[in-house]
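Spelled out from the first residue to the last, the chains are:
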Amino acid sequence: MKTKKKMVISQETMDIDFVRKVEALSDTSVRRCFQCGKCSAGCPMATFMEHPPNRVVRLLQLGQWRRIIEGRSIWYCASCETCSTRCPNKVHLASIMDALRKLSWDADGPSKESYVQLANKLFLQNIRTYGRQYEMRLAAVFNVKSGQFLKDLMLGPKLLAKGKLKMFHSKNKNMTEIEKIFSRIEEMRKKGEAL
Amino acid sequence: MTPPNIMEYSYYPGCSLHASAGEYDLSTRELFKALGIGLTEIPDWFCCGATPAHNVDELLSLSLCAKNLELADQIEGDVAVACAACFSRLKTAQHVLGENDVKRKQVEKAIDAPVKLNSNVKHLLDILAHDLGLERLAAAAKKPLAGLKVACYYGCLLTRPTDVPNLDCVEAPTIMERVVEAVGAETVSWTHRLECCGANFTLSRPGVVIQLTNAILDSAKAAGADCIMVGCPLCHGNLDIRQKEIEGVYKTDYNLPVFYLTQLVGLAAGLGPDQLGLDAMIVNPTPLLKEKGLL
Numbered sequence: 006m007k008t009k010k011k012m013v014i015s016q017e018t019m020d021i022d023f024v025r026k027v028e029a030l031s032d033t034s035v036r037r038c039f040q041c042g043k044c045s046a047g048c049p050m051a052t053f054m055e056h057p058p059n060r061v062v063r064l065l066q067l068g069q070w071r072r073i074i075e076g077r078s079i080w081y082c083a084s085c086e087t088c089s090t091r092c093p094n095k096v097h098l099a100s101i102m103d104a105l106r107k108l109s110w111d112a113d114g115p116s117k118e119s120y121v122q123l124a125n126k127l128f129l130q131n132i133r134t135y136g137r138q139y140e141m142r143l144a145a146v147f148n149v150k151s152g153q154f155l156k157d158l159m160l161g162p163k164l165l166a167k168g169k170l171k172m173f174h175s176k177n178k179n180m181t182e183i184e185k186i187f188s189r190i191e192e193m194r195k196k197g198e199a200l
Numbered sequence: 028m029t030p031p032n033i034m035e036y037s038y039y040p041g042c043s044l045h046a047s048a049g050e051y052d053l054s055t056r057e058l059f060k061a062l063g064i065g066l067t068e069i070p071d072w073f074c075c076g077a078t079p080a081h082n083v084d085e086l087l088s089l090s091l092c093a094k095n096l097e098l099a100d101q102i103e104g105d106v107a108v109a110c111a112a113c114f115s116r117l118k119t120a121q122h123v124l125g126e127n128d129v130k131r132k133q134v135e136k137a138i139d140a141p142v143k144l145n146s147n148v149k150h151l152l153d154i155l156a157h158d159l160g161l162e163r164l165a166a167a168a169k170k171p172l173a174g175l176k177v178a179c180y181y182g183c184l185l186t187r188p189t190d191v192p193n194l195d196c197v198e199a200p201t202i203m204e205r206v207v208e209a210v211g212a213e214t215v216s217w218t219h220r221l222e223c224c225g226a227n228f229t230l231s232r233p234g235v236v237i238q239l240t241n242a243i244l245d246s247a248k249a250a251g252a253d254c255i256m257v258g259c260p261l262c263h264g265n266l267d268i269r270q271k272e273i274e275g276v277y278k279t280d281y282n283l284p285v286f287y288l289t290q291l292v293g294l295a296a297g298l299g300p301d302q303l304g305l306d307a308m309i310v311n312p313t314p315l316l317k318e319k320g321l322l
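Line by line, the protein sequences are chains A and B. Under the working numbering, think of the first position of the first sequence as 6, with each following residue one higher. Under the working numbering, think of the first position of the second sequence as 28, with each following residue one higher.
In short, the hints are calculated from the structure, not lab data. Check each hint, because a few of them may be wrong.
[Stated by the list, open to error] Selected chain B positions facing chain A (in silico; Cβ < 10 Å):
1. D84
2. N127
3. C223
4. T229
[Claimed, not checked] Here are the computed lysine to any residue pairs in the SDA-like style, where the Cα-Cα straight-line distance is at most 20 Å:
5. A:K195 / B:K130
6. B:K176 / B:A250
7. B:K136 / A:R133
8. A:K167 / B:K136
9. B:K130 / A:E192
Only a predicted model underlies this, so the values are computations on that prediction, with no experimental measurement involved. Here a beta-carbon is modelled for each residue, glycine too, at the ideal position from N, C-alpha and C.
Kindly generate the complete structure, drawing on both the sequences and the hints.
Have a look at this one:
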């Protein structure tokens with residue numbers, strides 16, 4: 006049986022600097038939360054998470070962010086924003102999730118949830134290369150890279166027959182512009198002008 | 028000679044409408060043409076970044092949206108958006124960039140242009156219900172959808188973001204019901220109209236989508252709906268494309284055709300199946316529409 010790691014709340018284990026970064030990125034304060042739990046009650050993905058949304062905020066309040074980053078909760082958030090909508094204290098939880106994912110992503114964090122991260126990565130690569138999203142390519146490359154060659158194989162022929170999978174797409178003629186946006190952002194980050 | 032358009036918009040279709048949601052694009056163009064609403068596609072628009080971009084890189088997400096708003100600015104009129112996710116991203120970007128000077132300056136540097144926040148971003152529903160108006164919409168319904176019981180499915184992003192005045196009330200919207208009732212359909216009252224379908228987990232974690240979408244289909248069926256109406260290509264993908272698979276997993280039979288709002292309104296406006304892309308739907312709507320005398 007797996008034993009749960011006991012949480013020790015002390016000055017040594019509380020990392021508040023990281024939490025401040027999350028608050029700055031998300032433009033919201035975790036201290037406003039009084040744990041009513043409305044966010045978790047309305048969250049469609051809470052059943053798939055080891056830490057439901059209200060506990061994510063509680064862990065942040067206690068500076069225990071590592072527990073969040075190591076788990077899969079942030080990657081199982083669907084960004085439906087129901088939590089932010091219903092929060093009586095205007096804690097923008099959807100933005101907190103974005104900030105946590107960004108910090109974990111940038112640091113190549115230890116989360117075991119690799120499929121969602123792989124899908125995100127391929128999605129963004131597609132935008133950089135093509136300017137738009139090419140669904141067929143996205144799905145095909147995802148299957149290859151995740152080693153699930155047979156995933157949704159039965160859907161393929163049907164979608165092709167219905168014209169839902171396009172082999173060729175209308176090309177965006179403005180491709181240099183998109184590459185410039187990506188590289189300018191990289192440049193700004195190198196210079197420390199943006200997070 | 029066709030009469031001049033009564034309204035003009037710039038049109039942001041979004042990536043899905045050029046691929047898996049081709050019938051949404053087709054029916055939107057045909058319906059708006061029939062209603063006398065002009066749509067000019069924004070030249071060389073980019074992907075809005077959707078969920079993956081804001082998930083891990085807010086600056087990129089804001090910059091992509093700001094770039095699209097800049098491109099839209101070349102064209103006269105408000106921005107018409109078909110996809111609920113694109114709509115929500117563009118609205119959010121406008122809100123954040125208007126409020127946060129630091130982020131706005133960073134984005135201006137990234138796109139190397141001033142941020143343009145003046146264009147009014149509108150979902151197609153907004154245009155039909157408010158700009159055109161329900162009375163004119165009802166008058167355009169040559170073949171009212173009498174006897175068709177529709178479950179209007181909003182999903183999550185259609186009424187987001189929540190911090191700005193938007194399409195409709197976030198917790199109890201009625202705009203879809205009002206639009207489809209204006210063209211003669213009946214609507215059902217059901218529990219899951221605002222629940223998330225799992226959206227883009229369809230690629231990375233389809234098991235999640237199957238579970239969430241099953242609950243939605245189950246609720247619509249239990250409420251006595253003949254079909255579902257959506258305004259988002261991701262919801263459509265999950266409800267329509269995965270429906271057979273879900274029926275297999277849960278050993279049940281839903282057989283609920285999933286229409287885009289423009290397909291149902293277009294049908295009432297007298298457009299033919301070819302103009303609405305009905306043959307692209309995975310759950311075949313023809314038997315239902317024939318039974319109701321609508322085809």
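How the hints compare with the structure:
Below 10 Å, beta-carbon pairs count as interface contacts, and D84 (chain B) has one with chain A at about 6 Å; its hint therefore holds. Using the Cβ-Cβ criterion of 10 Å, the hint placing N127 (chain B) at the interface with chain A is satisfied: the shortest such distance is roughly 7 Å. Because the closest C-beta pair between C223 (chain B) and chain A is about 4 Å apart, less than 10 Å, the hint holds. Taken as an interface hint, T229 (chain B) checks out: its beta carbon lies about 9 Å from the nearest beta carbon of chain A, inside 10 Å.
Distance restraint check for K195 (chain A) and K130 (chain B): the Cα-Cα separation of roughly 17 Å lies within the 20 Å cut-off, and the hinted pair is therefore satisfied. Taken as a hint, the K176 (chain B) and A250 (chain B) pair is honoured in the structure, with Cα atoms around 10 Å apart against an allowance of 20 Å. The suggested pairing of K136 (chain B) with R133 (chain A) holds, with an alpha-carbon distance near 18 Å, which does not exceed 20 Å. Our distance criterion of 20 Å between C-alpha atoms is broken by K167 (chain A) and K136 (chain B), whose separation comes to about 43 Å.
Among the hinted pairs, K130 (chain B) with E192 (chain A) is consistent with the structure: their alpha-carbon atoms are about 16 Å apart, no more than 20 Å.
Consistency with the previously given hints fails for number 8 only.
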